[in-house]
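Number of protein chains: 2
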Amino acid sequence: VCIRGRLAFCFRLRNAANMSLPAPRALFFDVFGTLVDWRSGVAREAEALLGALGVQLDWLAFADAWRAEYQPAMERVRSGNLPYRKLDSLHRENLERVLPRFGITSCDEPTLEALNRAWHRLDAWPDVAAGLRRLELEFWIAPVSNGHIALMVALARRNGFVWSAVLGAELAGDYKPKRQVYERACDAFDLAPHECMMVAAHADDLRAAGSAGLRTAFVARPLEYGRGQASELPDAGFDVMATGIDDLAGQLGA
Amino acid sequence: VCIRGRLAFCFRLRNAANMSLPAPRALFFDVFGTLVDWRSGVAREAEALLGALGVQLDWLAFADAWRAEYQPAMERVRSGNLPYRKLDSLHRENLERVLPRFGITSCDEPTLEALNRAWHRLDAWPDVAAGLRRLELEFWIAPVSNGHIALMVALARRNGFVWSAVLGAELAGDYKPKRQVYERACDAFDLAPHECMMVAAHADDLRAAGSAGLRTAFVARPLEYGRGQASELPDAGFDVMATGIDDLAGQLGA
Chain A
201 VCIRGRLAFC FRLRNAANMS LPAPRALFFD VFGTLVDWRS GVAREAEALL
251 GALGVQLDWL AFADAWRAEY QPAMERVRSG NLPYRKLDSL HRENLERVLP
301 RFGITSCDEP TLEALNRAWH RLDAWPDVAA GLRRLELEFW IAPVSNGHIA
351 LMVALARRNG FVWSAVLGAE LAGDYKPKRQ VYERACDAFD LAPHECMMVA
401 AHADDLRAAG SAGLRTAFVA RPLEYGRGQA SELPDAGFDV MATGIDDLAG
451 QLGA
Chain B
201 VCIRGRLAFC FRLRNAANMS LPAPRALFFD VFGTLVDWRS GVAREAEALL
251 GALGVQLDWL AFADAWRAEY QPAMERVRSG NLPYRKLDSL HRENLERVLP
301 RFGITSCDEP TLEALNRAWH RLDAWPDVAA GLRRLELEFW IAPVSNGHIA
351 LMVALARRNG FVWSAVLGAE LAGDYKPKRQ VYERACDAFD LAPHECMMVA
401 AHADDLRAAG SAGLRTAFVA RPLEYGRGQA SELPDAGFDV MATGIDDLAG
451 QLGA
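Chains A and B, in that order, give the protein sequences.
For the first sequence, this note's numbering assigns the number 201 to the initial residue and increments by one for each residue that follows.
For the second sequence, this note's numbering assigns the number 201 to the initial residue and increments by one for each residue that follows.
Among the hints, erroneous ones may be present.
Note that identical chains are pooled: a pair holds if it fits in a single copy or bridges any two copies.
Claimed, not checked - Below 25 angstroms or equal to it, Euclidean Cα-Cα: the simulated DMTMM-like pairs (lysine to aspartate or glutamate) are: (1) 286 / 374; (2) 286 / 395; (3) 378 / 446; (4) 286 / 387; (5) 378 / 269; (6) 378 / 313; (7) 378 / 247; (8) 286 / 383; (9) 378 / 338; (10) 286 / 269.
Please keep in mind that the hints were generated in silico from the structure rather than gathered at the bench.
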């Protein structure tokens, strides 16, 4: 990546070495895993809510089990077997599927509801808020998450994220990595796909964005699945590799 | 309106004197006229672009004539005669309808396009940016405008508006004052209509929001149509009457 001042710089193109493109105008962000630490946050919230009822279990394993239901639930929407519904609704179904596996066969409705909203109370990785503030000076920035609008707003207000707008699954009425989610985000900003860059810690998200014509930035989050666990590795095909949102801002000249 | 500290206060209900409700959780804002001065901004941009080509005309009258095509164009969408399209597209059709009336029968495409984007370069009334920053500390805030997402982002970045999300016509796929635009905005924030308040300088917008169950705040903008011209008067049925966004923030305890 070469940088010429703040406004003009070139990227290596994924598929054509030595070609350059103008800077992207918008950056789209994956949120769960890329910007916020869902695993420790869900574990903490579950321990606070269920622990108060006398439950003891492996809270991180519980978070992992709940998250493991995420892709299969979205796949029902992506495949057309279920009309689009907000992620809170899928999380709730998944929660009720997972609790019995941890020996919890009855739970009062207010606790279930509060537990489901654990996903609204997640903390950002420490580099995110300051990095987004730098990027926001130069680019239009938006979450393009599978989380719905209200969930994105809750996380933004908790963590001091500044968004130009909230795009993503709810606007598109479908879930990533379906192509239309990326296309709808570009269209909302009146931009061509090559003017937009998807930022994520997940290769499948970036590969789908790249297939739709967006540029791609991989952010390493080695702790997403916990210490000592495998995390996703970057792919030589991504345009930018970054160690965090602050590093991304630096590499993009912001 | 009575205020008890910053978090708890009551409003007079529109239709039931002496009933009180908890504070709203979200505020929705009309934008053209309520937050930004479209008339002087469109006149200024038209003079800059067309004046450079040697055109001389009454620039404020031109702005008024262009704006006068706004409601009839949206009505084609509201009535179902035209599928939803972004406001830029309606503005462009209206522009080409209005220019010949001012003696302009040919105009190059780059000038037409730049002129159409005059609506992206409007300035806010002086109380708005600071008022929104106060309100954002206490409430979720969003534009619920007939302008599309990219237009809202352009105006926000130009004027320092801070939004929780961009809601409105593009999300709903229809134009205010159609009921579904207000309902879709409440749903995006996971809120009931009575938890949301529409803020506008236009009685028809507020009456429609009120009919959908939202609370209503009228902001007086006596200069929207120019000095010495009639402007909209408040209606005794609105929950709050304010002289600006700063005054609104004060009345809502923010």
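Results of checking the hints against the structure:
1. 286 / 374: both (10 angstroms within a copy, 21 angstroms between copies)
2. 286 / 395: Between copies, since 20 angstroms is at most 25 angstroms while 28 angstroms is not.
3. 378 / 446: neither (28 angstroms within a copy, 43 angstroms between copies)
4. 286 / 387: Close inside one copy (21 angstroms) and across copies (11 angstroms); limit 25 angstroms.
5. 378 / 269: Within one copy only: 18 angstroms inside a chain, 38 angstroms across chains, cut-off 25 angstroms.
6. 378 / 313: neither (29 angstroms within a copy, 32 angstroms between copies)
7. 378 / 247: Answer is neither: 34 angstroms inside a copy and 45 angstroms across each miss the 25 angstroms cutoff.
8. 286 / 383: Both: 19 angstroms inside a chain and 16 angstroms across chains, each within 25 angstroms.
9. 378 / 338: neither (28 angstroms within a copy, 36 angstroms between copies)
10. 286 / 269: Within. Shortest intra-copy distance 15 angstroms satisfies the 25 angstroms Cα cut-off; inter-copy 37 angstroms does not.
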